[in-house]
Amino acid sequence: MKRYDLITPEGTRDLLFEDCLARRKVERTLAELFEGFGYSEVVTPGIEFYDAFSGSARNFRQESLYKLTDSKGRLIVLRPDSTIPIARLAATRLKDSDTPLRLYYNQSVFSNNALLKGRSDEVVQAGIELIGGDNVKRADYEVLCTAVEALASFDKDNFRLEIGHIGYFKELVAQLNLEDDVIEEIRMLISSKNFPALNDLLDEIGDNDITRALKQLPSLFGGIEVLDKASDIYANDKITGILYNLRKVFNRLSSLGYEGKISVDLGIVSHTDYYTGIVFKGYLSEVGQSVLKGGRYDNLIGSFGKEMPAVGFGVNVDSVARHLERMGANPHVKPVDAVIFGEKGFVVEAIAYAQKLVREGSKVEHSLFNSFEETVEYARSKGISKVITVADEITETNV
Amino acid sequence: MNKPLRIALTKGRLEKDTVGLLEKIGYDCTSIREKGRKLILPVPDGNLEVVLAKANDVITYVEHGVCDMGVVGKDTIQEMEGKFYELVDLGFGRCRFALATKKGQSFYGGYNVKTLATKYPNITRKHFESKGMDVDIIKIEGSVELAPLLELADGIVDIVETGTTLKENGLEIIEDNICPISARLIVNTVSMKLRQSEIENFVDLVEKNL
Numbered sequence: 000m001k002r003y004d005l006i007t008p009e010g011t012r013d014l015l016f017e018d019c020l021a022r023r024k025v026e027r028t029l030a031e032l033f034e035g036f037g038y039s040e041v042v043t044p045g046i047e048f049y050d051a052f053s054g055s056a057r058n059f060r061q062e063s064l065y066k067l068t069d070s071k072g073r074l075i076v077l078r079p080d081s082t083i084p085i086a087r088l089a090a091t092r093l094k095d096s097d098t099p100l101r102l103y104y105n106q107s108v109f110s111n112n113a114l115l116k117g118r119s120d121e122v123v124q125a126g127i128e129l130i131g132g133d134n135v136k137r138a139d140y141e142v143l144c145t146a147v148e149a150l151a152s153f154d155k156d157n158f159r160l161e162i163g164h165i166g167y168f169k170e171l172v173a174q175l176n177l178e179d180d181v182i183e184e185i186r187m188l189i190s191s192k193n194f195p196a197l198n199d200l201l202d203e204i205g206d207n208d209i210t211r212a213l214k215q216l217p218s219l220f221g222g223i224e225v226l227d228k229a230s231d232i233y234a235n236d237k238i239t240g241i242l243y244n245l246r247k248v249f250n251r252l253s254s255l256g257y258e259g260k261i262s263v264d265l266g267i268v269s270h271t272d273y274y275t276g277i278v279f280k281g282y283l284s285e286v287g288q289s290v291l292k293g294g295r296y297d298n299l300i301g302s303f304g305k306e307m308p309a310v311g312f313g314v315n316v317d318s319v320a321r322h323l324e325r326m327g328a329n330p331h332v333k334p335v336d337a338v339i340f341g342e343k344g345f346v347v348e349a350i351a352y353a354q355k356l357v358r359e360g361s362k363v364e365h366s367l368f369n370s371f372e373e374t375v376e377y378a379r380s381k382g383i384s385k386v387i388t389v390a391d392e393i394t395e396t397n398v
Numbered sequence: 000m001n002k003p004l005r006i007a008l009t010k011g012r013l014e015k016d017t018v019g020l021l022e023k024i025g026y027d028c029t030s031i032r033e034k035g036r037k038l039i040l041p042v043p044d045g046n047l048e049v050v051l052a053k054a055n056d057v058i059t060y061v062e063h064g065v066c067d068m069g070v071v072g073k074d075t076i077q078e079m080e081g082k083f084y085e086l087v088d089l090g091f092g093r094c095r096f097a098l099a100t101k102k103g104q105s106f107y108g109g110y111n112v113k114t115l116a117t118k119y120p121n122i123t124r125k126h127f128e129s130k131g132m133d134v135d136i137i138k139i140e141g142s143v144e145l146a147p148l149l150e151l152a153d154g155i156v157d158i159v160e161t162g163t164t165l166k167e168n169g170l171e172i173i174e175d176n177i178c179p180i181s182a183r184l185i186v187n188t189v190s191m192k193l194r195q196s197e198i199e200n201f202v203d204l205v206e207k208n209l
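Chains as they are written, first to last, in numbering that gives the first Met the number 0: chain Y, 0 to 398; chain Z, 0 to 209.
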């Protein structure tokens, strides 16, 4: 039988040295930012019951989940997302806490991707969830500002935050009285900006203000002028309200010194069962997928038994770390300051001296070689500039 | 001058049609026509860089964002799926998917599960799933027409342009509206946002010259 003991499963990899430093740097930057805004870290289990991730507002494709069974035969999944477990814990263990809850996470999520497409099945995500609080607009604004700060901290010249509102699409299709599967088809075509097929489908439904507006929806992205265009195409009270708020958010974010870094896409229509309000995505140039995704999801926590509005986002830490490495902005592994060599009979003293230096803040290695010469050779090959010999006296040699 | 937009073309017939389109727009495509063995070719007056690749790879490159745009057949898009914007139906490269069996054989008769040979297992599976039919699918890489002749399969699902090959081999089309195919212009989701005006200009030119 073939043994698979020398390689890691498809879609996973070992991270060594520089890769780890790059990932930790992104994690630390985000943790500092989140903690700075008063968010507290939570860790949820790596495995959860399948039931937590199925159901209309939490629809995960069955085939994308890694599944196993527990000792009672119940279906378990490797955590595919962090927001749903956090919604579960907010509705259960935190249900009587004062709101708003400000929670952040930094943990792996797993998805079973198609083979050989160059996708990772295990990805570290870090993000925040702002739960509860009656003033939805302030909460949205806070989370969006945090998202912009996060993106700017990665690559302040080459990022883009794109905002939209799921209500625009929902309000339009609600007026057409369509079957759910037709709405889903329209949604998919808008989401992939498939103009030809979208036009054909909407022509079948009929020619009216709403279908004309839906036909334009995939092109409604770009700068603030998109909002003017949208209100010219079609408006009712609800849509006017949505566009007014987006405009305010857009202007406020731009005025924080991020002119030209904020854009609008009313055609963001993914996860329409899950999101209920503002939605946004963050991009870094040269990274082929969005690195940040978020939005308002007011019904999710309610589906676990306690109604609470919420808004949040997650960052793909691995994508950002790879981007930093490509740009050469990642930290490099540095050699230690010195190698400590104990002469024969001074092994204990040498380790004690090494400990003393470490306590004082140096980085040192303890030599495992029998001779001073071998130790010097080793230090040279590793680029370490000093050898400290411990015997009756302590001698420093620069190598 | 900005970094050029990189566009991946499906080698072969779609490549020729696309080059024709680029020339109609007014770009000088000599570098593509006289490419030799080069795989990345500049079209400087359009600030474009053309990459030639196999159909499936066009999608892979665009999805990962190493190419901003791509030209690929709807058949490949349906078979591969993936996350990108499908902006324009270019109209060329038209053909259709058909179901064919040996002449005179009744495909839908009997209770036995039918076996189908195809280069497009996903499209075939989806088609029969929508009919509520359970079928066995065998993936064939070369001439699919062989499979029913050798009695490996009851029928085939394949792209048909004229139908001559089928006829010459004693096969007949029993369904030919499985899905109409033509070439599409696809765009990476991030490029679309970060290089919006350049891509919109290009799409405008393309649409005007179709």
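A couple of the hints might just be wrong.
Unchecked claim - Capping the alpha-carbon separation at 25 angstroms, the derived lysine to any residue pairs in SDA-like fashion look like this: (1) Y/K116 - Y/T394; (2) Z/K10 - Y/R321; (3) Z/K125 - Y/R60.
Said to hold, decoys possible - Simulated restraints, written as ranges between beta carbons of each label pair: (4) Z/G131 - Y/F48: 29 to 35 angstroms; (5) Y/D202 - Z/G19: 46 to 52 angstroms; (6) Z/P120 - Y/T11: 51 to 57 angstroms; (7) Y/D180 - Z/G35: 47 to 53 angstroms; (8) Y/F48 - Z/S196: 44 to 50 angstroms; (9) Y/P330 - Z/S196: 49 to 55 angstroms.
Keep in mind that the hints were calculated from the coordinates and are not lab data. These numbers were taken from a predicted model, which means no experiment stands behind them. Cβ coordinates follow ideal geometry from the N, Cα and C atoms, glycine included.
Now the hints, each set against the structure:
Between Y/K116 and Y/T394 the alpha-carbon distance is near 56 angstroms, which puts this suggested pair outside the 25 angstroms criterion. This hinted pair does not check out: Z/K10 and Y/R321 have alpha carbons roughly 31 angstroms apart, beyond 25 angstroms. As the CA atoms of Z/K125 and Y/R60 are separated by approximately 17 angstroms, the hinted pair is consistent with the 25 angstroms bound. Taking 29 to 35 angstroms as the suggested C-beta distance range, the pair Z/G131 and Y/F48 conforms, at roughly 32 angstroms.
For Y/D202 paired with Z/G19, a C-beta distance near 29 angstroms fails the hint of 46 to 52 angstroms. Separation of Z/P120 from Y/T11 is about 27 angstroms and departs from the stated range, judged on CB atoms against 51 to 57 angstroms. The hint said 47 to 53 angstroms for the Cβ distance between Y/D180 and Z/G35, and at roughly 50 angstroms that hint holds. The given range of 44 to 50 angstroms is respected by Y/F48 and Z/S196, whose C-beta atoms sit roughly 48 angstroms from each other.
Hint check: Y/P330 to Z/S196, Cβ distance near 36 angstroms, so the stated range 49 to 55 angstroms is violated.
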